[in-house]
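For the record, the sequence lines run as chains A and B. Number 5 in this note's numbering belongs to position 5 of the first sequence; there are no gaps in the numbering. Count along the second sequence from 1, add 1000, and you get the number used in this note's numbering.
To be clear, the hints were calculated from the coordinates, so they are not data collected in a lab. As the structure is a prediction and not an experimental result, all values here were calculated from the model. We put the CB at the ideal spot given by N, CA and C, even for glycine. Any given hint might turn out to be false.
What the hints assert, rightly or not - Reference excerpt, derived from the structure (chain A facing chain B, CB under 10 Å, subset only): (1) 4; (2) 6; (3) 74.
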Amino acid sequence: MTVARFWRKIPHRYNLIGTHCTTCNEYYFPPRTMCPTCRRDGKMEPHKFQGKGEVVTYTVIHTAAKGYEMQAPYNLAIIKLDEGPSLTGQVVCGQEEMDIGMRVRSVFRKLGEESEKGMIYYGTKFVPE
Amino acid sequence: MRDVAIIGIGCTKFGELWDCSFRDLFVEAGVSAIEDAGIQGEEIDSMYVGNMSGGRFVEQEHIGSLIADYAGLASNLHVPATRVEAACASGGLALRQAILSVASGHDNIVVAAGAEKMTDVGMDTATDALAAAADREWEGIMGATFPGLYAMIARLHMHTYGTTSEQLAAASVKNHHNGTMNPIAQFRNEITIDTVLNSNMVADPLHMFDCSPISDGASAVVVAAADIAKKYTDTPVYVKAATQASGTISLHDRADITTLDASVAAGQRAYKMAGMTPDDIDMVEVHDCFTIAEICAIEDLGFFKKGDGGRATEAGETAIGGRIPVNTSGGLKACGHPVGATGIKQAVEISQQLRGTAGKRQVDGAEVGMTHNVGGSGGTAVVHIFSRDR
C-alpha cells in the first residue's frame, strides 16, 4: 500500500471518524460519500464514533493474512458500534475470553507493517470494555 | 428476449496442473466445448471469459485477447472476446453475459469460458489475491482472510441455530464422496467427519477440510439461440433463468451475517424468471467455497428454512438420492475451485446431469437443475436454472 493510500484514511483509521446522514439520521462506518438509503438526497457529515460496541460474531485466525503472520493466532470480530454501524476489527484479549455479545471498546494500536523499512500501519483495535 | 440453450460443454481436469499454462487450460476447455457442440470457429459470434485475477496469478491482463488469439479466433476471424470479473463469481457472470447476448438477438452462438491458474504463485500470494475479493481497506487491512470471514458466518450460524462442526463437516464428506465419481475432480478420495475435525484449524471454527482448495482449471460452454440448438445437438440444455444480484462487499454491512442476501435476491429473481419454485429443482450446484457457504446457500436459495441447512446435510437430504442433491460434481471442495472456472463448471455439471451423461453421479429423472455462484463473501451472486424442456 502506498503512503498516500494509507495517509488519506488516517482520520478514519486512527479516530473512528465515519459519516452521519442528516437526512435519514443513519450513521456509517467505514465512511461513505453517498448515503445508501437516501442516495443523492442524503447529506453526509463526518462523525466521530465513541468506539464502544458489542461483538456480533468472531473467529480466531490461525492461518494469518499476509503481513500478519507474527500475530497469529489473533481474534477477529464484527463489532456493532453503539451508534448503529458494524465494522471488522481485531479484539486484543485471550481467545477464551471471546464471546458473542461481549462489550468492547476501541484502542489505538499498531495493525501491521510492510517490512523492516516499510510503512507501519496504525489503526483501531478493540479490547474488552 | 429469445430462448437460449447450451449446445456444447468442455472442462479440463481440476487440480495442481503444473505442466499446463493458463492459456493451455483455456484452449483445452474451449476446444472440447466447441467439438462437443460440433461448431466451426466461423460460427462463433463472440466470447465471454471469466477470470478473477490473471494479473496476480500469472501477471497477465487482457485475457480476452489472449484467449481469442490462442483459440485461433483472433488473427483471421477477429471474434470479440470480453473478460468479466466478479471475484469467484467471474465464471457465472461470463455465462450470464453470453446468454444475454444471445437472448438479446445480437448474437446466435457465443462461447462462455472461465479459467484460473492459481498454482504459479506461492500460497501466500494466492491467498492475498483471493483476499482482494473482500474489502481491502476495511476488512483485509484489519487482518481478515477469506476463511476468517466465512468463519464469522459459521460462528453466528452455530450460535443462532445450533449448527455443529459435525454438520459442517458432513457437507465436506458428502462432496468428497461425490468427487470420487467425477473424473475431473481435484480430490477423488473419501473422507470422514473425523478427517475434517482433526485437520488444522484455519479460522475457528473452520478446519482445513472445511475449505475449498487452490486449483488450476478451465471450463467452457457454447450457448446458442434455442431455435437453432437442435441443429447441433439432440439434447440441448435450455436456459430457464440467468440472474445476478449485488450485495455489500463487506460482510459487516449485512443486516444478517448468516444470510447472503445477494443469493436470496438472485434466487428469487431466478424462480420468478423461470416460473418455478425450489420444489421444481432436481439438483443444484452451490458455491461451497467453505462448508458453511453450502449450508447458507441451500437455505438462502429456499431449499431449507434458515437454520435447518446443517441438520439437513447431516441427515443426507443433500446427497445423491436425497431430497435435493447438492454439488453432485463434488462442489468447490472436492472438484476444486479455480475461481474463474467454477461458475462455468457448475453449468457443465448440470448439463451432464440433464443430458443423462453424469455416470455414477447421475441423479435419477433429472429434468431441472440450478447453479449458484458467489463472489467474495456475498458481494455478487449469480444463479442459473436449466431444463431439459424448452
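Verification of the hints:
With a least beta-carbon distance of about 13 Å to chain B, the hint placing residue 4(A) at the interface is violated under the 10 Å criterion. Of the supplied interface hints, the one on residue 6(A) holds, with its beta-carbon coming within about 9 Å of a beta-carbon of chain B, less than 10 Å. The restraint placing residue 74(A) at the interface with chain B holds, with a minimum CB-CB distance near 6 Å, inside the 10 Å limit.
The structure shown violates just one earlier hint, number 1.
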